[in-house]
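Number of protein chains: 2
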Amino acid sequence: QIFEAVVAQTGAAAPADLAGLHAVVTAGPTREPLDPVRFLTNRSSGKQGYAVAEALAARGARVTLISGPTQLATPRGVTRIDVESAEQMLGLSLAAAAEAQIFVGAAAVADYRASEVAGEKIKKTGESLTLVLSKNPDILATVRAAQPGLFMVGFAAETEKLAEHARGKLSNKKLNLIAANWVGNGKAFDTEDNALQLYWPEGEQEIPAASKAEVARQLVDRIVSLYQAR
Amino acid sequence: QIFEAVVAQTGAAAPADLAGLHAVVTAGPTREPLDPVRFLTNRSSGKQGYAVAEALAARGARVTLISGPTQLATPRGVTRIDVESAEQMLGLSLAAAAEAQIFVGAAAVADYRASEVAGEKIKKTGESLTLVLSKNPDILATVRAAQPGLFMVGFAAETEKLAEHARGKLSNKKLNLIAANWVGNGKAFDTEDNALQLYWPEGEQEIPAASKAEVARQLVDRIVSLYQAR
Chain B
24 QIFEAVVAQT GAAAPADLAG LHAVVTAGPT REPLDPVRFL TNRSSGKQGY AVAEALAARG
84 ARVTLISGPT QLATPRGVTR IDVESAEQML GLSLAAAAEA QIFVGAAAVA DYRASEVAGE
144 KIKKTGESLT LVLSKNPDIL ATVRAAQPGL FMVGFAAETE KLAEHARGKL SNKKLNLIAA
204 NWVGNGKAFD TEDNALQLYW PEGEQEIPAA SKAEVARQLV DRIVSLYQAR
Chain C
24 QIFEAVVAQT GAAAPADLAG LHAVVTAGPT REPLDPVRFL TNRSSGKQGY AVAEALAARG
84 ARVTLISGPT QLATPRGVTR IDVESAEQML GLSLAAAAEA QIFVGAAAVA DYRASEVAGE
144 KIKKTGESLT LVLSKNPDIL ATVRAAQPGL FMVGFAAETE KLAEHARGKL SNKKLNLIAA
204 NWVGNGKAFD TEDNALQLYW PEGEQEIPAA SKAEVARQLV DRIVSLYQAR
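Chains as they are written, first to last, in my numbering: chain B, 24 to 253; chain C, 24 to 253.
Read the hints as simulated data drawn from the structure, not as lab findings.
Any copy will do: because identical chains look the same in the list, a pair fits if it lies in one copy or spans two.
Cross-link-like lysine-lysine pairs, in silico, BS3-like; alpha carbons within 30 Å at most: (1) K147 to K158; (2) K158 to K146; (3) K158 to K184; (4) K184 to K147; (5) K158 to K192; (6) K158 to K197; (7) K144 to K158; (8) K184 to K196; (9) K144 to K196; (10) K197 to K184; (11) K158 to K196.
Take the sequences, apply the hints, and build the full model.
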């Protein structure tokens with residue numbers, strides 16, 4: 024039993040049931056520049072996405088991690104590609120997804136970017152400033168349109184109506200699985216622990232609060248069982 | 024000569040000519056929330072401000088560092104207070120400045136904040152989103168108005184017309200010294216090296232490209248000589 028606990032913690036003896044498969048994981052925030060120094064972003068640390076990449080690699084998958092700016096080390100056995108903006112992340116996601124079987128969109132992609140990016144630093148002149156933002160491309164929906172057969176997992180970070188918003192995204196984006204969590208007020212973003220509520224077309228599962236590494240292992244267990252049951 | 028070089032590098036034998044003085048340094052970016060997860064910020068790493076705090080402490084000053092979010096360790100001998108927004112930084116700066124002799128505003132304070140901060144995560148609905156921003160309080164100008172006798176040093180990060188913009192800020196904010204640098208395109212922000220152009224009412228000085236620690240030592244040399252000549 025002690026041996027099993029150690030194995031569960033290190034993941035050393037995880038079954039290599041994803042061997043031969045290529046998984047793509049997006050993680051971290053994106054940065055949407057307003058000018059050469061200012062940008063819009065969000066509180067994502069990237070920790071949960073990096074933990075998912077590591078857990079997929081531990082199960083034998085070849086893993087490509089497409090990462091926004093984070094302070095994290097690249098997990099063992101994972102190939103990492105760094106990006107800044109949502110548009111950059113979309114381009115690399117489309118390219119990587121074309122030769123992948125599993126895609127996990129864990130990045131907290133900025134929903135909007137500045138409609139015009141100033142070439143010089145915006146001077147502080149008026150008492151108020153109106154910023155016009157344009158909707159960013161939806162990475163999951165765009166990848167799904169290009170790859171109808173890909174097994175796709177999304178994340179939904181919500182501050183209200185968790186189940187309703189998550190089930191809506193699962194269906195609108197034609198995902199195979201969605202992992203929802205509460206954010207804001209010190210929850211999930213930039214913290215060590217996390218808790219997830221998983222939804223898929225035929226079921227749901229609660230992953231109770233635990234380290235992001237442990238949460239990632241349980242999420243990957245569910246990914247493996249749904250992927251194998253297709 | 025070798026001994027002198029080592030001493031200059033470690034700062035171990037720097038003269039304690041600021042002993043008995045209290046210096047306040049602001050550093051890092053500020054974060055201006057749009058909702059519980061999104062915020063506006065900038066590319067400041069805080070490294071130059073932290074290096075200035077450390078160099079002031081090495082000269083014997085008691086140093087309070089008021090810091091926006093950074094990934095940096097607190098310099099030896101420095102008391103650090105963490106803040107997020109410009110408004111929080113202003114409140115703590117005013118309080119600390121009331122009992123200080125030297126104030127160095129090295130933070131890259133966000134010029135604007137959202138006029139209204141949403142209590143829940145803004146849903147991605149329209150194709151475009153208009154954000155109305157309000158000018159943030161000017162920390163240096165507000166501290167100067169409250170403390171006319173304080174020795175005040177500002178920073179000016181510019182992408183064009185460096186001397187003109189820096190001299191304008193020196194005079195408008197009634198500073199004793201301003202340190203200007205070029206930013207954008209990989210310069211100064213989030214880098215290891217820096218170069219500064221110093222301006223004060225009666226003179227100017229170039230600090231050529233060097234490590235931020237070395238640049239901080241030369242800046243503090245100038246602060247000490249101008250402070251003592253008052």
